[in-house]
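S.K.: Sequence:
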Amino acid sequence: MEIRPANENDIDAVSELIAYFRVALAELRGKPTGPDMDSARKEFLEYIEKEYPIYVAVEDSKIVGYLVCRVEDDVVWAESLYVLPEYRRRGIGSTLYEKAEELVESLGGDTVYNWVHPNNDTIISFLKKRGYTVLNLIELRKRWKGEETFTRMKVGDHEFDY
Numbered sequence: 008m009e010i011r012p013a014n015e016n017d018i019d020a021v022s023e024l025i026a027y028f029r030v031a032l033a034e035l036r037g038k039p040t041g042p043d044m045d046s047a048r049k050e051f052l053e054y055i056e057k058e059y060p061i062y063v064a065v066e067d068s069k070i071v072g073y074l075v076c077r078v079e080d081d082v083v084w085a086e087s088l089y090v091l092p093e094y095r096r097r098g099i100g101s102t103l104y105e106k107a108e109e110l111v112e113s114l115g116g117d118t119v120y121n122w123v124h125p126n127n128d129t130i131i132s133f134l135k136k137r138g139y140t141v142l143n144l145i146e147l148r149k150r151w152k153g154e155e156t157f158t159r160m161k162v163g164d165h166e167f168d169y
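The opening position of the sequence shown corresponds to residue 8 in this note's numbering, with each subsequent residue numbered one higher.
Simulated from the structure, these hints should not be mistaken for laboratory data.
Zero decoy hints are in this set.
Calculated cross-link-like contacts (lysine to aspartate or glutamate; reagent style EDC-like; alpha-carbon spacing at most 16 Å): (1) Lys38 to Asp168; (2) Lys135 to Glu105; (3) Lys69 to Glu93; (4) Lys136 to Glu105; (5) Lys38 to Glu154; (6) Lys57 to Glu86; (7) Lys69 to Glu23; (8) Lys57 to Asp80; (9) Lys57 to Glu79; (10) Lys149 to Glu166; (11) Lys69 to Glu9; (12) Lys106 to Glu9; (13) Lys57 to Glu15; (14) Lys49 to Asp19; (15) Lys161 to Glu146; (16) Lys106 to Glu86; (17) Lys49 to Glu15; (18) Lys49 to Asp17; (19) Lys49 to Glu23; (20) Lys149 to Asp168; (21) Lys135 to Glu108; (22) Lys38 to Glu155; (23) Lys136 to Glu108; (24) Lys152 to Asp168; (25) Lys161 to Asp128; (26) Lys106 to Asp117; (27) Lys69 to Asp17; (28) Lys69 to Asp19.
Cβ pair distances, simulated, as ranges: (29) Glu9 to Glu154: 39 to 47 Å; (30) Thr140 to Asp45: 35 to 43 Å; (31) Lys152 to Arg96: 40 to 48 Å; (32) Thr140 to Lys161: 15 to 23 Å; (33) Gly138 to Asp80: 21 to 29 Å; (34) Leu32 to Gly153: 16 to 24 Å; (35) Leu35 to Tyr94: 14 to 22 Å; (36) Ala33 to Lys161: 21 to 29 Å; (37) Arg97 to Gly138: 18 to 26 Å.
Think of the CB as a built atom: it goes at the ideal place given N, C-alpha and C, for glycine as much as any other residue.
Could you build all of it, start to finish, from the sequences and the hints given here?
M.R.: Here it is, written out as structure tokens:
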């Protein structure tokens with residue numbers, strides 16, 4: 008397996024993975040959807056334009072996973088991490104994530120920050136194994152017009168629509 012920075016030549020392969028990542032997130036919210044390749048392509052190009060570090064995992068000449076980091080000052084956010092299901096549990100996600108941690112170290116920081124979907128047990132378990140255990144903040148907002156929520160989420164003594 009090779010981990011390398013992504014480039015514009017990777018647009019089709021990485022866009023496909025971004026589309027699958029977005030499908031997985033929609034499923035966590037109880038709103039199944041199909042892959043939207045046009046939106047994924049635009050998202051990839053925005054990452055390139057904003058010069059976000061993007062790393063890809065390549066196995067047998069195929070891009071099988073990616074990690075996008077957002078850097079603000081000396082703070083590194085893991086924007087998205089995705090590995091094709093048939094390539095999971097092989098250390099690919101960990102090897103990709105190490106790139107984010109190396110980036111933090113190079114900037115003199117201590118941690119990678121992560122926005123995590125509260126139902127995403129897979130990434131929560133992944134991060135806990137890596138020592139990420141501090142809940143930093145919770146985002147609260149009003150419902151969008153016409154928005155339906157499907158579940159409730161409890162945080163401490165408080166319940167929220169989700």
